[in-house]
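Chains as they are written, first to last, in our numbering: chain Z, 94 to 302; chain L, 14 to 219; chain Y, 23 to 443.
Hint data in this document are derived by calculation from the structure and do not stem from the laboratory.
Beta carbons are placed, not taken as given, at the ideal position from N, Cα and C, and that holds for glycine.
A hint or two may mislead.
Coverage of chain L stretches by chain Z, computed from C-beta distances (three or more under 8 Å per stretch; other residues unrestricted) [unchecked claim]: (1) 75-86; (2) 129-139; (3) 195-207.
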Amino acid sequence: MNPSVDALRAAFGGGGGTAIGRALESCGDTIVYVGREALLDVMAWLRDTPGQTYDYLVDVTAVEYRDRERPLEVVYGLRSLARRADLRVKVELDPQGDLTVDSVVPLWRGADWLEREAFDMFGITFRGHPDLRRILMWETYAEGYPLRKDFPLRGRFSRAEQVRQALAAHPEAHYSLEELSIADAYSELPGDMKERLRRGERGALPDSE
Amino acid sequence: MKRVIETKQVAGQSPNYLLAKFQDLVDWAVNSSRANSLWPMPFGTACCAIEFMATAASRYDFARFGMERQAFSPRQADVLICAGRLPFKLAPVIRRIYDQMPQPKWVISMGACASTGGIFDNYAMVQGIDTIVPVDVYVPGCPPRPEGLLYGVLLLHKKIKGESLFDRVPRRDEQPLDDHGLRLPPEQIDEISEPFGNSVHQFRSA
Amino acid sequence: MSKRTVELELATPGVDARGQPLRVPLGVAEPDLAAEHMLINIGPQHPATHGVLRLVVELDGETVVRVIPHLGYLHSGFEKLGEYRHYNQIIPLTDRTDYLSPMANNVGFALAAEKLMGIAITPRCTVLRVIACEMSRIISHMVWLGTTSIDLGAFTPFLWAFQERERIYNLQEMWTGARLTTSVTRVGGMMADVPDGFVEGLRHFTRTFPKTLSEIDRVLTRNAVWVGRTQGVGVLTAAEATNHSLSGPMLRASGVAYDVRKDKPYLDYETYDFDVVVGEHGDVYDRYLVRLEECSQSNRILQQALVRLPDGPVNVADPRVILPPKSRAMNDMEAMIYHFKQVMEGVKAPVGEAYVGIENPKGELGNYLVSDGTAKPVRWRIRPPSFINLSALSRMAEGHLLSDLIAINASVDIVMGEVDR
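Given these sequences and hints, build the entire structure.
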């Protein structure tokens with residue numbers, strides 16, 4: 094069992110809180126369950142505390158079980174490159190209920206697309222994600238969330254209907270709102286991005302205010 | 014007399030001997046030129062695209078068969094080779110590219126996934142590009158060996174050489190999308206997308 | 023509008039002191055071209071995107087202000103399919119995710135399934151899997167080299183690289199029967215032992231491959247055009263690379279010495295003698311150098327593996343996991359029953375979950391399997407290295423020129439089958 098679990102219980106377990114749930118080992122990997130509300134604090138603690146330093150996010154995904162009684166789990170794989178330690182953190186959600194969890198993008202930028210994929214495939218909303226939209230299916234995909242267990246393998250619609258919906262999508266119409274408003278919103282870009290753009294990696298950017 | 018008229022309406026070959034010989038000569042010239050310099054538009058998506066690249070490389074080299082220049086712009090291409098699986102998200106793109114190609118144009122469906130959907134009988138995959146664009150040659154394989162693709166190209170050459178400029182009903186017709194937005198009637202699409210074989214195990218999860 | 027009014031509008035108001043006609047001011051203000059950014063679309067069908075990737079690029083003149091990648095154009099539902107297939111039936115699916123290095127994918131999945139089921143493979147199988155992984159690394163890097171050279175304007179290395187690939191393809195075909203979709207592993211072993219002539223053929227390859235590498239090196243490494251187009255382009259610092267969860271040559275080129283084979287060894291990699299190639303600047307040139315050197319290191323590992331290949335069985339001797347030989351299955355009742363149960367019902371995994379990350383040529387390929395005791399996994403998650411590496415593209419490309427964007431995109435070494443799954 095990874096000693097981080099005991100450290101977590103020491104740091105967050107006080108007061109009978111639901112922050113740290115059960116911990117177990119499976120095939121040599123340590124898994125610890127964390128409460129939904131405490132997730133962001135726990136993750137920040139794991140990343141920043143000197144003895145832990147889980148600076149590398151391996152993966153963000155979700156698991157829904159065939160048994161409908163079991164909760165849907167959001168799985169985070171964390172790794173400390175320096176200490177060569179792995180930890181798997183899970184958050185349990187009610188599969189029939191509200192699938193919302195905090196986004197860890199502020200901590201690890203690698204979570205950006207991984208959380209978008211979890212949203213696309215499972216319908217989990219990540220609070221605080223900068224740009225939560227579908228990534229693998231097209232943005233107006235109407236059949237649902239493919240990796241849910243109640244989604245049939247061949248899709249909900251008939252094949253002809255799927256072809257029709259696919260062909261009706263204009264390839265170039267799928268600029269996101271972000272892109273359509275780029276030209277207008279240049280002045281609203283955050284200061285550090287403007288600074289980075291102004292400095293430029295090669296050559297100088299013309300001053301285009 | 015009636016039969017002669019019917020024949021004349023379908024095949025454009027003239028009953029006049031000299032004219033027919035002239036038509037044959039023109040057909041031979043046009044078809045040979047078209048067949049021997051088919052410039053492919055490689056619509057490569059997945060693993061078949063790698064075998065396509067291997068066919069283009071020095072060991073198998075389809076430049077020997079006239080496909081010297083791969084036209085990455087559909088405006089300059091003759092044959093669209095769909096190499097790889099086609100998900101639904103990519104369907105409007107291939108239709109758009111097919112529409113952008115000028116006539117004469119042909120389509121080779123390379124691989125099992127492009128021909129029928131392959132091993133991907135699921136929510137995301139088009140079950141055969143012939144639901145979206147008309148296909149001339151299907152090359153089976155997963156992925157087809159380069160020799161397989163070359164054989165498919167040679168079959169296409171044979172098909173092209175059998176065409177005629179003078180046919181009243183052109184053998185290479187273009188089927189635009191109807192008002193449903195589909196190329197084929199919906200029942201036909203559903204029918205050709207039915208899973209093959211009788212194993213129910215592939216759709217059972219547990 | 024009557025004709026007279028139009029003529030009035032088009033008439034010049036007169037000539038100035040030098041006899042030049044006076045310019046008529048436009049009724050509408052001219053658009054300020056310097057302030058407008060252009061949104062252009064690259065892909066999804068494009069020769070230089072390495073697959074069906076769509077990049078929406080915001081350009082200020084020729085400088086990239088922002089690039090937004092759009093994925094999903096090759097999404098094939100692998101993970102959903104995995105829930106409907108037995109573990110051995112998933113192995114052919116793994117060929118098709120990263121189709122440039124299929125054997126490595128097969129090995130990665132088999133390792134995860136064996137970890138889940140608690141199966142220990144034989145020594146011969148271990149060395150054969152190392153051989154498979156390193157062969158895959160070479161062919162993947164050869165594709166990368168060839169296509170990146172084409173993107174940057176050099177066509178010849180493509181032909182050289184693909185000729186080397188053909189030699190490995192011959193070996194793969196000798197072993198598995200297929201050039202590309204190998205499906206070489208099974209849970210508990212391999213699909214077949216290597217045939218006669220394979221070891222000799224691979225030994226011959228390892229002796230002649232360094233010559234091609236040095237040819238490519240001579241043509242590219244100190245070429246002014248190559249260096250000019252790749253040095254200083256697409257820089258990512260080590261902290262950024264770690265924070266973006268990059269892996270493989272992308273991470274190592276930025277200076278982070280993390281290689282799964284050394285840090286979390288599998289298949290006895292700690293007993294092989296090879297170096298981890300780490301770059302310094304994190305630009306495209308460093309990534310090129312890292313990958314080129316990794317090919318030589320792979321060659322080194324292959325030579326060592328060929329020397330130490332032990333005799334013995336390839337598959338685990340457990341008939342509940344490995345199919346019995348056909349001759350026995352046809353003649354012996356017990357063997358036939360084992361065969362039947364494995365094919366019809368599949369091998370059942372115990373309840374639990376396992377994650378195994380291997381060093382794929384693209385990065386850390388992880389297979390996360392969750393089982394509920396049945397023969398089909400509850401969840402098969404592929405941790406895709408190319409997907410995560412690609413997410414850093416917008417960070418790398420800001421401020422560069424459009425042609426640099428192509429170079430940066432090429433240096434990420436993506437394969438869309440793995441990005442989109």
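Right, here's what the structure says about each hint:
Coverage of the region 75-86 of chain L by chain Z is violated [criterion: at least 3 residues with CB-CB distance below 8 Å; count 0]. Three residues within the 8 Å Cβ limit are the bar, and the region 129-139 of chain L against chain Z gives 5, so the coverage statement holds. For the region 195-207 of chain L, the proposed coverage by chain Z is satisfied: 6 residues have a C-beta within less than 8 Å of a C-beta in that chain, meeting the threshold of three.
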